[in-house]
Every structure is written in C-alpha cells, then in structure tokens.
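All chains should be modelled from the sequences, with the hints used to inform the complete structure.
The chain contents come next:
2 protein chains.
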Amino acid sequence: MPLGQRAGDKSESRYCGIETEFNDDMPQVLHQNISGGFDFVVAPLIDPSYRPSSAKNDGNGTLIPPFAASDLILSPSQWSSHVVGKISTWIDLDSENAELRRDSEDALKAEIAWASHLSLQACILPPPRATGCSNYARTVNQLLQNVNNMQLWIRLPLEQHEAVEDDAIDTNFKTSSGGRMFDSWEWWNTFRLLCEHHNQLCVTLDILSSLPSINSIGRWFGEPVRAAIIHTNAFLTNARGYPCLSKRHQYLIKSFFNHTIQIILSGNLVHDISQERILPAGDDNHFEGLPIRHALRPYLDYVAYLYQSMDPLPEQERFEVGYRDFLQSPLQPLMDNLEAQTYETFEKDTVKYTQYQRAICKALLDRIPDEKATTSTTVLMVVGAGRGPLVRASLQAAEETGRKLKVFAVEKNPNAVITLHSLVKLEGWENIVTIISSDMRCWNAPEKADILVSELLGSFGDNELSPECLDGAQRFLKPDGISIPSSYTSYLQPITTTKLYNDVKAHKDLAHFETAYVVKLHRVARLAPPLEVFTFTHPNCSASINNERYEKLLFEIPADTGSTLVHGFAGYFDSILYKDVHLGILPSKATPNMFSWFPIFFPLRKPIYVPAGSPVEVHMWRCCAATKVWYEWCVSSPSVSPVHNTNGRSYWVGL
Amino acid sequence: MPLGQRAGDKSESRYCGIETEFNDDMPQVLHQNISGGFDFVVAPLIDPSYRPSSAKNDGNGTLIPPFAASDLILSPSQWSSHVVGKISTWIDLDSENAELRRDSEDALKAEIAWASHLSLQACILPPPRATGCSNYARTVNQLLQNVNNMQLWIRLPLEQHEAVEDDAIDTNFKTSSGGRMFDSWEWWNTFRLLCEHHNQLCVTLDILSSLPSINSIGRWFGEPVRAAIIHTNAFLTNARGYPCLSKRHQYLIKSFFNHTIQIILSGNLVHDISQERILPAGDDNHFEGLPIRHALRPYLDYVAYLYQSMDPLPEQERFEVGYRDFLQSPLQPLMDNLEAQTYETFEKDTVKYTQYQRAICKALLDRIPDEKATTSTTVLMVVGAGRGPLVRASLQAAEETGRKLKVFAVEKNPNAVITLHSLVKLEGWENIVTIISSDMRCWNAPEKADILVSELLGSFGDNELSPECLDGAQRFLKPDGISIPSSYTSYLQPITTTKLYNDVKAHKDLAHFETAYVVKLHRVARLAPPLEVFTFTHPNCSASINNERYEKLLFEIPADTGSTLVHGFAGYFDSILYKDVHLGILPSKATPNMFSWFPIFFPLRKPIYVPAGSPVEVHMWRCCAATKVWYEWCVSSPSVSPVHNTNGRSYWVGL
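Heads up: the protein sequence lines correspond to chains A and B, in order. Taken in order, the first sequence gives residues 1 to 655; the numbers are from my numbering. Taken in order, the second sequence gives residues 1 to 655; the numbers are from my numbering.
None of these hints come from the bench; they were simulated from the model. Model, not experiment: these values are computed from the prediction. Take the hints with a grain of salt, since some may be wrong.
[Claimed, not checked] Straight-line distance between alpha carbons at most 27 Å, and here's what the computed BS3-like set of lysine-lysine pairs gives:
#1 K579(A) x K628(A)
#2 K448(A) x K404(A)
#3 K508(A) x K406(B)
#4 K448(A) x K348(A)
#5 K552(A) x K606(A)
#6 K628(A) x K109(B)
#7 K579(B) x K589(B)
#8 K348(B) x K425(B)
#9 K247(B) x K606(A)
#10 K520(B) x K425(B)
#11 K362(B) x K10(B)
#12 K404(B) x K362(B)
#13 K362(B) x K520(B)
#14 K505(B) x K505(A)
#15 K348(B) x K606(A)
#16 K520(B) x K552(B)
#17 K505(A) x K508(B)
#18 K552(B) x K606(A)
#19 K579(B) x K348(B)
#20 K508(B) x K606(A)
#21 K362(A) x K372(A)
#22 K406(A) x K362(A)
#23 K628(A) x K505(A)
#24 K606(B) x K505(B)
#25 K10(A) x K478(A)
#26 K508(A) x K606(B)
#27 K552(B) x K448(B)
#28 K10(B) x K579(B)
#29 K589(B) x K505(A)
#30 K505(B) x K508(A)
#31 K109(A) x K362(B)
#32 K448(A) x K372(A)
#33 K520(B) x K348(B)
#34 K552(A) x K606(B)
#35 K406(B) x K109(A)
#36 K579(A) x K478(A)
#37 K109(B) x K552(A)
#38 K406(B) x K362(B)
#39 K478(A) x K448(A)
Written out as structure tokens, the structure is:
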C-alpha cells in the first residue's frame, strides 16, 4: 500500500519496505507485512545458521543448501514485486583466512544464483569490511556480468560511529571527540571503481540516530542510492509516546523522496505504544489515527505522514519530470532550421518575453525623452525573429512607453518567415514591421538600427554562437546603438552524477564523452558553487574581434563534504538584457518559471576522484575555426585528465 | 659520422647532434657541423628577434615571417636526416597575459607547420613554465593530431637547480640547502596526460653538471626520451686540459646509449684548448688525438670515446635485440600443438637442460644408494616430452650417476611423437624408453613412477597450466615419488613503459589491455623490487586441490625516485627443480644465458600515477573454471583501477 498520493509524483519513493528475519515460510512473511501496510520485504534467502564449507565438502555434489523453501511457494510476480533478497551477512571475502574467503565466495555465488533464478529485482549485499574490499568487489564484479536485470544494492552506513564493534577497523578520519570514524562513501567509491561503475551496482544506506553534515549527505544524491534503511531506534518519541523523527531526519527523508529513494524500515518496536490505546481525535495527530496492527505500523504511519505532508510538485517541475536526467544534444540553430514544434514550445515561455519587453521599454525610455516621443522614431531590428515573439514584445514595449517604432524582423529560416508574414498581416503591423528573409551576417541593411534585439543564447550562453551572429549584425547598429542582450556570462560547476555518466558510457565511444548535453539535472550532487567562465558583451568595440576564450577555474569543495567523485560539469548562463533586466538559469539567480533552458552538461571521460579538502582545477577553451566553434576542456588537479574534444573532433557548432 | 662501431649495436645512439644558433644560411650551418663530425643539427627555424603580434596585425595576410630561407636551400633528405627544428623559446602559452598567449599560439602553429612542410623528423619544444602548462599542452595536443610523422620533443631539464633565473617558479620540493627545486618529470607527466600519451610526443633532457639520484633518473628509461642535450659546462677538465665527464655522467651517458637515446652537444667551448697544440702520441689519449677543427670537437671526441669504450653486446643480448619491447601472446601449449620451429628454438637452450640433468642426477642419487645402483631400476616419466630433450637429459643423468632407468615419454602432440620415435630409434633407446602418445591427464599408466619430469612452465610460472597438468599426472607418481620441478613461484614488479602502453593502446580495444604479453623488456623503468605472487608445489598432497589463488601485494617505491607512472607489471618466475637446483628468470637470480623465457607483462587500462613516497597496492587472482584458467588484476592504491579481465573475458588459457 503506497505511502499516499502526492500530486505530480509518480516515482517509486511511494513504496515502503521492511527488513525481516529469516523465515522459510515466505508466504506467511509476505502476508503479514503486506497486510501490515508495507509494499515489500527485505528477507534473507538462506538460514543464517548455515555455513557451507568447501574444506568439509564430500565432493559428490548432493548438498542442498537450506534456502527459503522452493521457488513455487510464491508466484513469480510476488517474488519480483515484493521480495528484495538479503545476502548472508557472515560472508567475508577479504578475510585473512583463505578458507573463509573461499566459503564466502561459494556462498555469495550460490545465493545470487538463487535470487537470479527467482527473478528478484534486487539483492542487498552486506557492507564491506573496513580493512579492504578488493576480493569482495572482484567477486561481485564477476557476478554482475551475468545477473541479467537484477540489481545488487551494497549496504552502507550513512554514518558509522566511533564506537564500532567491528573488529580491526582501519579508520579513515578522526572525530572531534578524538575517536576514529570512517567515511563509508570511500568504501562505495573503491567498490564501484573496481566494478567499473557497473550500472546494476547500487547503494542502500542505513540511517541511524546521528547524521553527518548536509554537504556530506549531499554527495549521495549523485550516486545510485536505491533505498534508505531507517532503524526504529533512529526515531524520537513525541509527547504522546509515538515515534517521530528529528527535523534533520525529516529533511533527509523528504530529500530521499525527492530523489526517488525508497524507505525501508528495520528493527524492533522500541516505542511503548499500547495496542489498546484509545485513538485520539484531532487533525494534527492524523499519523497516529490509524488502526495499529503490525508492530512497526506506527513508524510506517509516520513515514507516510512525512510523505503526505510534502508540497505537491510545482507546475514547472511536473512539466519537467519526464526530462529528468535525460541527455539531449544541444540545438544547432545556425546550421539547422528549427521546426514548428520547437518554436511552439519556446514561444510559450511568457516569462522570457516579459523580461525582453521590460528591457526594450527601458531602452526606449533611455533613448527617447518624453518630449521627443511623438516626433522621433526608433529603428529596432529583431535578428533571428523566428515566428515573431520578440517583434510582438517590441511593439508592446513601444505601446507601453508611447514611443514610435520602426521594426525590421530578420530571419534566415524561410519556413518561419511564412508564419511571420501571416502574423504581421493578421495583426495589421504592415506599416511598422518590415520582414527580411536573410541571414543577419550577410544582410545589407538599408539604414542603421538604434536597438538590436536577439534571442540566440544557449544553455551555456555563447554555445549557440550568439557572439558570432551579433558580431556579424553589429555593422548595422548605430555607433551609440543598444544590443539586447547587452552581455552574457557562462558558469560551470563540478557535479557527481553516476546516472548521466553511465548513460554517456553506454554509447561505448569517445564522441559521446566529448559532447555537451542539455539536461534537466536531477540525481546530481552539486559539489561547489558555480564559477564564471566566459563573458561576451555587445556591441563589441574591439579593433580586432576574437571570440576565442580560455579560462582556468579553481573550485573549492566545502571541507565537510568529504571526498567526492566528479563525473563532469554542469553549465549555466546569465544574461544582462539591458541594465538591471537580466535573464538566466544560474541557480542562485535563475529567472523564475522560465523553461526554455535546461542546464548543459560537460562529461569527463574518466571521473576524477577528489580527496577531501582538495580544490579542483578545470580548464575550459572556446575555440574558433573558419566553419565551426567548439569547446575543449580538461582537469589538471587533483589529477590530470586528457584534453577533451581536441580540435572539436567529437562536438562542435557549425557557423 | 657515427660515434663509432659497437658489435651488435645497430641503434640510433651512434649518431650525435649539436645545438646551433639561428642562422638563415642553413647550408653553411650544415656543412660546418657535418664536416666537424656531427650527424645532425638542432637549429631554430625562425629569427628569435621576430615577434609576431596579432594585435598589430593589419589583417591583410601579407606578413612573411623570417623563416630560415626557403625549403629549397636544402634537399628534402638533408632536411629530414640532418635537421631537428627548434621552436622559438620566447613562446609562453600559459602566460597571464592573454595577448602573449595568443601570439605564442600563432607562432607555435606557424613554426610547426613550417617544420612539417620541410618533413623534419622532429622539433624540440621549449620547456613549459613551472606555473602551469595546460594551455601549452592543449595547443600541442591539437597540433599532434595533424603533424603526420614528425615527432615533438619537449625539452626538460633532467634536474633544475634551486638558483633558477626563470621568473615565478612554482617549485615542487625543497633541497637540502633550503632552496627549492622542482621535479621536471612532474611537468612531463602532466603534459603527456593532457595529450593522452600521444606516441609522437617525446622528451629531450638537458644534462647539466649536477645529477639527481639514480632512482630518479631511472624513471626516464620507461619514457620516450629521444635525446639528451649535454652542455659543455657539464664537462670537467682532465689533466691535459681536455674535457671529460664525471663517473656518474659517464654511467648516465652509457645508459643513454643502451636505451637508444641520442646525444646532442650544446654550448660554447669552455675548455682552453689551443688549436695549435701538438698532438700527443700514446694509446691512452686516442680521444685527444684527432685533428681539432670544430670548436666542440673535443667534446664530441670524448662522447665518441665513451661510445667506443663500451663492451660489445653479449651474444644473448644480440640474439634478443630484435625482440626488444615487442609484444607476443603467450603460448597455449595445452590447447594448441606447438610447431616444429618452436621446438627447435627451445631445444637449443642448453643451459636449461643442463639444469634439468643436474636435478635428475641429484634425485637419482637420493633415491638409489650406490649399493643398489645395479639392481634397482628407477621409473622416470617425462610428461610433455615434446621431441625428446628431457628424455635425453634423463638418460644422460642415469649414465652420469650409474643408475638404471626405465623411461616413459608421454606426449599429447602426435606430430612431436613422430620425431620422438625416430629419435629413440636413432639413439638405440628402444629398451629403455617407452613412448606414450597421450594427454598426461587421461593416460592410464601401467605402473607408478619414481620421478616425474616436466617442463610446462611459462614466463609467469603457472600461466601455461603446469599445476593442472601435474595434478592430473600425479595419480601415477608413487606416494614418495619426486616431481621435477618440485615447486615454482611467480613474481611481479610495477614498471613504467610508455612504449608498451602505447603499443597495447594502438589496438583500440579492451581485450588487448586485459591480456598478458611475453616481451623482452627494454625501454622500461623497474620501480620496485619484485614480490612473490603464487607458489605451486608438486606433488600436491592436499585433500582437495584448489589451484585458485589470490594475493595482495604492496610495492614500496624507493623514496628518492620521486613520483612515477605505472603502466603495468612485469612478471617472472623462479622454479625449484630439485633441492638446490633452480631455474628461472627472476632478475635477481636469473639462470644465466638461458633464453627460453622473456618476462610477462600485465598492462593497466589506465596508467596509475604514484606520488613520491606512496606504496602501490596490487591484487592478483588466478581463477579456474571447467574449461579455462585466467588471471584478474587490479590496483587499489594510491588510486583504484577497475578489475581487469573479469571472468577471463579478454585473456584465458584453455584446459
């Protein structure tokens, strides 16, 4: 039974699981927990008291391991929808004891084979030992090549305390109290590097009562975390004796919901709740108001309450859900003509055109004082007019300010020009608007413009060649004329994103690793504040215009983040349309409710490991040749990557 | 004129060059230096006083840069055989000054284009600045994609002193005197990683009067060092006032000769040698005894003297010269039948069979006391008898010790069996030797053996499946019987080897990076002493035999080496044939003059950077399945590699 309804959310976070003990009567286990309100169980597949031993093996192959009965006790769909397998926790593939290592390998292989035979969706692997995990990872990596669709979720503590019972902990760093703690992310990172980022290798996190820093937790949102196991003793007790969670835990659980991470409850009932208790009335206690049957029902109800109390997804988010972490190639509007559907989508972005209109208003008022409003006519050219939205915004600005306008609408796409003509006729703009079917870079303008308006920006600002187009168009701008936009700046930020990295890798070629993508970033950890990359200003008054650029960026990752893996860089832009009117997608000052641009993503061919406290030095080039413009990029610290996209061999924008 | 003759050496180290100033009369430069005894010149291609400036460019493209005259002043073969281009040293692609960066890029591109037009074999690039080299490397990387066959040699100081004149040195480490020095290898490593190990990017080293440690220098022998530039002020003065070099410098120069690194002389005459000096007689002064014409002739003569004073290549080295750094796939003697040519080669390795004979002698004497010599017959089985060399060694051992022998020669290759029959007939061994045409793993022996002799070892010991074969054969060994060999151990060692890495990479697939190769290692830096990996002992008395193995190795690289790059691992074996008679290729105790085995090489898919002082942790597995045996390997520290050759997907040995 899902946790509840949340408008716009169709993700799997609605389902909640429970960790159970071994019991070979699986139908009973399932019935009890499903009827208790849970959606799935995490159950051991084999009696934990059973320890196979190769040394004692009689070699005739007749041993039958005590698995939970036969595959027939549940239907195939019950196995696959309601059971996550839990691999025996005694296994230790990195023991000093070679016999234990060998027995562990045999047991792991047998259990995974059984789970695979049952078509389980996933198995949870016990945590690696702190002393090392190479042999464990090697064995899992072998298994991953043959498990079909089943995922393997390696279980890790979100934070481990200094008072660890585990023997021989080789600790990673000291706590403030002088004890020692390790960073479980480091284990995960070693494990997945050994397994070469296999996309069926995932994570499940154990949540206890204490939590690490927000930045440290944030790293996990770029990793393939499938579930969070919350222990009943992580819960506090409210005034009525019922379980509840700390503010920080609540925030964490809601972040999990938002990142499609399922919750699994684990542990015993540790809150003394009388089953006969009279149910209190009152809206603020609705999570307590359900009939209590399953021992952990109060915890489940609280989790459901958290889920239900979340705000519905905002409309823009709901529209964008389908695009989450979906890689798209950037447009090539200069080489290719856009399709009607594309114009249609972008024209709906009213926020954007409102900003343009505000900018044009201000420019008109600056240019024509009130006393000349009726006598002076401003020549405004829309370069890249498309199907006319900026022409409309310009005329509305003229009306709003009471200024007289003469508009040239320049458009190179002949298909858009047809629509433009029809629009002008329909609106009766024939006396004001002249339509020019030409590329702005070669049009011979009959007169010079006061204002040049364009919308040629890409997700990374200059990546759709706005600089080259506007440099070509500024010939017909008066010496004191205004360009809207007047400038734009690109920004870059290092991110962890296992999902996008694996999607790029799936193409199995170099070219996809050297291409920038437009993508709605979702399962991503943003590791450092974005830094400015390239700025272009229009009109460009340099004696010799050069649109090549080179910037060296030094990202400082907050010290409490811990070590991280950088899979690539998220790119954004911010543009000054005119004076204080700006437009952009830089997260810290993004124009609200604008949907024309998703961020851009520059991948790295091999992710870069960044030890805690190390800055990340990145180099970004914008290169220009006669027929194309492209980016090259590399990392030089903490380790050195190759230069990506040399000579634009994989990705370029045609002039 | 080559430096001289050295028996067996056909390498390019015989040729010596000289660095010259800019002079646009190139024929004169060439004539003067070639007639002065040098083989090639390193000459600037453009007047160093010329500084192009894009900012001052009038844009009409009529500028003619003052290159050294036209391409017609020398013949194409003169340009390509006798001139190495020297790129302008003023260029600084990582300057803070954007205009200087841009002018440097234009100049570099123009000079490389000119050198490429002249079909020069190589150009020397000036050293990068200590503050960074990313933009320099990015530009060189772009050029490398299009320079056809020309090599680019980046020039680096072998050691830079603390008293550097260069402005703004961002130094790497402190000297004992409290000053600061940097490790030029780090620059090289950053540069080549950015350029992705391009195989036309090479190194030339400047040799001054002081030298770093042997270990630090040793790293360069695994790198593509093409030339060493020795400055005249690195020379000392001998009793007669002539130039000579310190012992350490002499050793270094000879190491360069041995690694096919050419010498280039540079600088002014700094020894006061009167041109009119009367030539002294006497054999010990023969390097002073040549007519002195060219100003640097005394230095050249000294270098030639060093070359000529080297020992001729030993016979075994001469035989192996053609195999240097040539990757071969290991044999699959179990799956494939060897060819006659292969038997022929291995049978010539008399040292090996002498060792076997010694071992068999000792075993016979241990087994049969003198008093039973005439009454007892020892049953000896040669398993894998091939064309009979071990049968011969056994019979010679019997003769030497006066013991009576009954020999079974078991061989699975029917082609070899034919030769074996003819040998037995020819030698008249019919009464002693029984030939069995069968695989030892399935032969039903008519009686049990006292001694089992085999030569099934590969370069890595067990890699040709000796364990599996002998486990199968020990059925017919008496309980107290002897196996020769009685045990063998494999060894591994991390190495730098740009050459082999690039050869593997050239295949552009995963499989070649996950294959072990047999190779005569030459341009290689051995970074740490070899460590033991797997040991197998025969006969194997375990209740259940398991030939799977797992070892974790921790290599300590000597502290004075500095940072290094590990491209993979060299593997060796040592085998105990019987008691104190051993056989092997482990460098520290290799059997002399034995040529049957080259080392094995396990590559890494991506080289691992090892900071100075960091140990290297390596994991090695021997995995067994029903039909094959394979290795998996990985590095877990200082950084984590993927596990190589998962499930033997790329490389395995068939059973």
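So, going through the hints one by one against the coordinates:
{"no.": "1", "hint": "K579(A) x K628(A)", "result": "violated, 31 Å"}
{"no.": "2", "hint": "K448(A) x K404(A)", "result": "holds, 16 Å"}
{"no.": "3", "hint": "K508(A) x K406(B)", "result": "violated, 60 Å"}
{"no.": "4", "hint": "K448(A) x K348(A)", "result": "violated, 31 Å"}
{"no.": "5", "hint": "K552(A) x K606(A)", "result": "holds, 20 Å"}
{"no.": "6", "hint": "K628(A) x K109(B)", "result": "holds, 19 Å"}
{"no.": "7", "hint": "K579(B) x K589(B)", "result": "holds, 16 Å"}
{"no.": "8", "hint": "K348(B) x K425(B)", "result": "holds, 21 Å"}
{"no.": "9", "hint": "K247(B) x K606(A)", "result": "violated, 45 Å"}
{"no.": "10", "hint": "K520(B) x K425(B)", "result": "violated, 38 Å"}
{"no.": "11", "hint": "K362(B) x K10(B)", "result": "violated, 44 Å"}
{"no.": "12", "hint": "K404(B) x K362(B)", "result": "holds, 14 Å"}
{"no.": "13", "hint": "K362(B) x K520(B)", "result": "violated, 33 Å"}
{"no.": "14", "hint": "K505(B) x K505(A)", "result": "holds, 19 Å"}
{"no.": "15", "hint": "K348(B) x K606(A)", "result": "violated, 48 Å"}
{"no.": "16", "hint": "K520(B) x K552(B)", "result": "holds, 26 Å"}
{"no.": "17", "hint": "K505(A) x K508(B)", "result": "holds, 16 Å"}
{"no.": "18", "hint": "K552(B) x K606(A)", "result": "holds, 25 Å"}
{"no.": "19", "hint": "K579(B) x K348(B)", "result": "holds, 25 Å"}
{"no.": "20", "hint": "K508(B) x K606(A)", "result": "holds, 16 Å"}
{"no.": "21", "hint": "K362(A) x K372(A)", "result": "holds, 15 Å"}
{"no.": "22", "hint": "K406(A) x K362(A)", "result": "holds, 17 Å"}
{"no.": "23", "hint": "K628(A) x K505(A)", "result": "holds, 26 Å"}
{"no.": "24", "hint": "K606(B) x K505(B)", "result": "holds, 10 Å"}
{"no.": "25", "hint": "K10(A) x K478(A)", "result": "violated, 54 Å"}
{"no.": "26", "hint": "K508(A) x K606(B)", "result": "holds, 16 Å"}
{"no.": "27", "hint": "K552(B) x K448(B)", "result": "violated, 39 Å"}
{"no.": "28", "hint": "K10(B) x K579(B)", "result": "violated, 42 Å"}
{"no.": "29", "hint": "K589(B) x K505(A)", "result": "violated, 46 Å"}
{"no.": "30", "hint": "K505(B) x K508(A)", "result": "holds, 16 Å"}
{"no.": "31", "hint": "K109(A) x K362(B)", "result": "violated, 47 Å"}
{"no.": "32", "hint": "K448(A) x K372(A)", "result": "holds, 19 Å"}
{"no.": "33", "hint": "K520(B) x K348(B)", "result": "holds, 18 Å"}
{"no.": "34", "hint": "K552(A) x K606(B)", "result": "holds, 25 Å"}
{"no.": "35", "hint": "K406(B) x K109(A)", "result": "violated, 48 Å"}
{"no.": "36", "hint": "K579(A) x K478(A)", "result": "holds, 19 Å"}
{"no.": "37", "hint": "K109(B) x K552(A)", "result": "holds, 22 Å"}
{"no.": "38", "hint": "K406(B) x K362(B)", "result": "holds, 17 Å"}
{"no.": "39", "hint": "K478(A) x K448(A)", "result": "holds, 5 Å"}
Hints 1, 3, 4, 9, 10, 11, 13, 15, 25, 27, 28, 29, 31 and 35 from the list above are not met by this structure, while the remaining hints are.
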